[in-house]
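Chain order of the listed sequences is A and B. The numbering of the first sequence is numbering that gives the first Met the number 0, which starts it at 0 and goes up by one. The numbering of the second sequence is numbering that gives the first Met the number 0, which starts it at 0 and goes up by one.
Worth flagging that the hints you see were computed from the coordinates, not collected in a lab. Keep in mind it's a predicted model, so treat the numbers as computed, not measured. All C-beta atoms, glycine included, are put in the ideal place defined by N, C-alpha and C. Where hints are given, some of them may not hold.
Unchecked claim - Listed next, the in silico DSS-like pairs over lysine-lysine satisfying Cα-Cα at most 27 Å (straight line):
| hint | chain 1 | residue 1 | chain 2 | residue 2 |
| --- | --- | --- | --- | --- |
| 1 | A | 160 | A | 429 |
| 2 | A | 333 | A | 180 |
| 3 | A | 429 | B | 64 |
| 4 | A | 229 | B | 64 |
| 5 | A | 385 | A | 333 |
| 6 | B | 64 | A | 180 |
| 7 | A | 353 | A | 333 |
| 8 | A | 180 | A | 229 |
| 9 | A | 333 | B | 64 |
What the hints assert, rightly or not - A short, non-exhaustive set of chain B residues, derived as facing chain A with CB atoms under 8 Å:
| hint | residue |
| --- | --- |
| 10 | 35 |
| 11 | 43 |
| 12 | 49 |
| 13 | 55 |
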Amino acid sequence: MTVRRVMGTETEYGILAPALPGANSTVLSTQIINSYASLRNASEGRLSGTRWDYSDEAPLTDARGWELSREDADPSQLTDGGDVLGAEGVALAGGRLSENGLYTDGPLSTGVLMNMVLSNGARLYVDHAHPEYSSPEVTNPKDAVIWDKAGDAVVLAALRKVARTPGLAAINLYKNNTDNKSVSYGSHENYLMPREVPFNRITAGLIPFFVSRQVICGAGRVGRGQDGSKPGFQISQRADFFEAEVGLETTIRRPIINTRDEPHATADKYRRLHVIIGDANLSEVSTYLKLGTASLVLDLIEHGAAPVLELVQPVQALQAISHDPSLRRTVQLKDGRSLTGLELQRIYYDAAEKHCWRDGEPDADTVEILARWGGLLDVLEDDPMKAAAQVDWVAKLKLLESYRQRDSLEWNDARLGLIDLQYADVRPEKGLYHRLAARGQMERLVTDEQIAAAVSEPPHDTRAYFRGKCIDHFGREVVGASWDSVIFELPNHRRLQRIPTREPLRGTRELTGRLFDTSATAEEFIDQLLGTEPWGVAR
Amino acid sequence: MAAQEHKNTSQRADEAEVVEEVPPAPGPASDEASAATEGTDDLLDEIDGVLETNAEEFVRGFVQKGGQ
Numbered sequence: 000m001t002v003r004r005v006m007g008t009e010t011e012y013g014i015l016a017p018a019l020p021g022a023n024s025t026v027l028s029t030q031i032i033n034s035y036a037s038l039r040n041a042s043e044g045r046l047s048g049t050r051w052d053y054s055d056e057a058p059l060t061d062a063r064g065w066e067l068s069r070e071d072a073d074p075s076q077l078t079d080g081g082d083v084l085g086a087e088g089v090a091l092a093g094g095r096l097s098e099n100g101l102y103t104d105g106p107l108s109t110g111v112l113m114n115m116v117l118s119n120g121a122r123l124y125v126d127h128a129h130p131e132y133s134s135p136e137v138t139n140p141k142d143a144v145i146w147d148k149a150g151d152a153v154v155l156a157a158l159r160k161v162a163r164t165p166g167l168a169a170i171n172l173y174k175n176n177t178d179n180k181s182v183s184y185g186s187h188e189n190y191l192m193p194r195e196v197p198f199n200r201i202t203a204g205l206i207p208f209f210v211s212r213q214v215i216c217g218a219g220r221v222g223r224g225q226d227g228s229k230p231g232f233q234i235s236q237r238a239d240f241f242e243a244e245v246g247l248e249t250t251i252r253r254p255i256i257n258t259r260d261e262p263h264a265t266a267d268k269y270r271r272l273h274v275i276i277g278d279a280n281l282s283e284v285s286t287y288l289k290l291g292t293a294s295l296v297l298d299l300i301e302h303g304a305a306p307v308l309e310l311v312q313p314v315q316a317l318q319a320i321s322h323d324p325s326l327r328r329t330v331q332l333k334d335g336r337s338l339t340g341l342e343l344q345r346i347y348y349d350a351a352e353k354h355c356w357r358d359g360e361p362d363a364d365t366v367e368i369l370a371r372w373g374g375l376l377d378v379l380e381d382d383p384m385k386a387a388a389q390v391d392w393v394a395k396l397k398l399l400e401s402y403r404q405r406d407s408l409e410w411n412d413a414r415l416g417l418i419d420l421q422y423a424d425v426r427p428e429k430g431l432y433h434r435l436a437a438r439g440q441m442e443r444l445v446t447d448e449q450i451a452a453a454v455s456e457p458p459h460d461t462r463a464y465f466r467g468k469c470i471d472h473f474g475r476e477v478v479g480a481s482w483d484s485v486i487f488e489l490p491n492h493r494r495l496q497r498i499p500t501r502e503p504l505r506g507t508r509e510l511t512g513r514l515f516d517t518s519a520t521a522e523e524f525i526d527q528l529l530g531t532e533p534w535g536v537a538r
Numbered sequence: 000m001a002a003q004e005h006k007n008t009s010q011r012a013d014e015a016e017v018v019e020e021v022p023p024a025p026g027p028a029s030d031e032a033s034a035a036t037e038g039t040d041d042l043l044d045e046i047d048g049v050l051e052t053n054a055e056e057f058v059r060g061f062v063q064k065g066g067q
């Protein structure tokens with residue numbers, strides 16, 4: 000049993016131009032993407048906008064075994080078409096209209112860029128009305144932290160560029176999940192699983208885990224209810240926005256278990272579990288445990304070793320646990336037990352701990368996740384406030400309580416709302432998480448150097464290496480890319496060359512590094528790649 | 000950071016040993032408490048300087064469109 004598996008994170012950032020109240024957020028988001036593109040162009044001397052290859056996207060395929068018709072889908076679920084910016088948006092962005100009145104996500108020469116594939120293997124794009132960073136595929140939770148934090152560094156560089164650009168208003172970005180006015184936006188996780196695990200077993204094993212994991216990795220929120228109008232503090236940013244147990248939607252009637260069956264890999268071998276219930280974390284320990292513990296629980300489920308826990312009302316339980324920072328609130332199980340969020344987590348931890356050591360000592364990543372998970376549960380059981388250096392919601396609550404005490408503030412005071420919001424500001428000089436970290440009050444797991452390197456370097460041990468290095472070496476010739484393809488346009492070929500990358504653990508540095516080292520041109524690269532099979536890129 | 004964690008743990012262990020031998024005098028305990036308060040005051044002073052001006056207007060202006 001191990002925490003190691005192919006995984007990744009997605010972050011939609013909250014976006015605001017303080018000097019332009021009511022500005023179109025899609026336009027602001029395109030400014031972020033285009034500013035990052037211009038930074039890359041300036042440093043690399045070439046175009047880095049890359050069209051997204053939508054041919055393998057299937058947002059309406061349900062893991063429970065059916066497909067939603069396009070007519071029955073909410074418009075926000077149709078994510079498999081090109082990103083299109085309407086005339087209004089283009090005009091607001093100061094752009095020119097093309098003949099058909101629309102701009103698509105094409106390269107810079109056609110106008111406004113909506114999508115980029117980065118040399119670290121990530122995707123940076125405009126998703127609905129937010130800039131989104133989707134991390135490259137990694138194989139372990141520590142790397143997930145590094146490439147997740149690299150996304151924060153990417154958007155930070157982009158907003159700095161916007162601030163330096165004449166004619167553009169400065170943009171702030173927030174790594175949070177709600178505006179506290181009824182709107183939520185996601186931070187998602189993805190985990191690769193074997194296809195043969197029955198989906199109902201995944202659902203049963205995960206629901207009580209997802210309902211309770213906020214106690215170890217919630218980001219904290221001022222205000223209760225979707226619009227935040229009920230005064231108070233709660234553990235999770237997202238809890239109040241979930242309304243169903245299982246479903247295909249991600250923007251309406253949000254379900255605890257999302258059934259989108261879009262594997263982005265060989266479909267008969269793999270399932271990509273798309274997790275939409277999770278808070279965006281600033282704390283490295285929180286992100287690390289969020290990914291690591293979920294991976295362990297999936298391993299339990301795959302081996303038929305998950306604890307049997309059935310909540311009477313999962314959605315209500317999720318919110319009840321979130322609304323009690325003392326962690327004493329219990330929720331009802333169908334077998335008659337009443338357990339706290341911590342007790343549910345303890346049951347999962349005990350099962351994982353027992354299972355991991357069954358066949359001898361587990362790998363180092365697994366040992367570390369288990370030690371931190373169990374240790375954190377001990378601390379939270381003793382006194383939740385003692386976990387302020389590790390857990391976002393505790394760090395935030397401690398800060399809020401200090402302000403409340405010093406200035407005698409009520410929970411509905413706007414300054415507490417501002418502290419909640421500004422905790423997630425990605426700028427080191429303004430973000431309160433960053434201020435706490437700079438004072439040594441947040442525990443770090445990775446170094447600034449590791450994060451800076453991950454802004455441009457892909458992970459070495461997944462297909463993200465192949466994708467990122469194709470962009471890095473042959474940015475001019477790569478005209479499209481997706482999670483499971485890279486498309487080349489070569490001067491001497493009449494047809495585009497689409498290289499499928501359907502095996503997430505191939506296309507690694509070990510398998511393809513020499514190919515990049517020995518190809519001076521894209522032409523040579525493709526000839527070598529297609530001429531011989533042992534390079535390990537998919538098919 | 001890991002090193003700092005260890006340091007904190009061993010400091011706590013040292014304090015615990017001292018307590019076993021000599022009951023703590025009220026003086027040092029209140030010193031400790033006031034040091035902690037000073038640390039918090041110092042932190043809040045720093046954050047006062049970082050917070051956006053006009054909290055009410057700023058928070059009201061943070062309006063997002065829906066996402067996933």
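The hints, checked one at a time:
{"no.": "1", "hint": "160(A) to 429(A)", "verdict": "holds, 17 Å"}
{"no.": "2", "hint": "333(A) to 180(A)", "verdict": "violated, 34 Å"}
{"no.": "3", "hint": "429(A) to 64(B)", "verdict": "holds, 23 Å"}
{"no.": "4", "hint": "229(A) to 64(B)", "verdict": "holds, 21 Å"}
{"no.": "5", "hint": "385(A) to 333(A)", "verdict": "violated, 33 Å"}
{"no.": "6", "hint": "64(B) to 180(A)", "verdict": "holds, 10 Å"}
{"no.": "7", "hint": "353(A) to 333(A)", "verdict": "holds, 25 Å"}
{"no.": "8", "hint": "180(A) to 229(A)", "verdict": "holds, 12 Å"}
{"no.": "9", "hint": "333(A) to 64(B)", "verdict": "violated, 38 Å"}
{"no.": "10", "hint": "35", "verdict": "violated, 11 Å"}
{"no.": "11", "hint": "43", "verdict": "holds, 6 Å"}
{"no.": "12", "hint": "49", "verdict": "holds, 6 Å"}
{"no.": "13", "hint": "55", "verdict": "holds, 4 Å"}
Comparing the model with each earlier hint shows violations of hints 2, 5, 9, 10; every other hint is respected.
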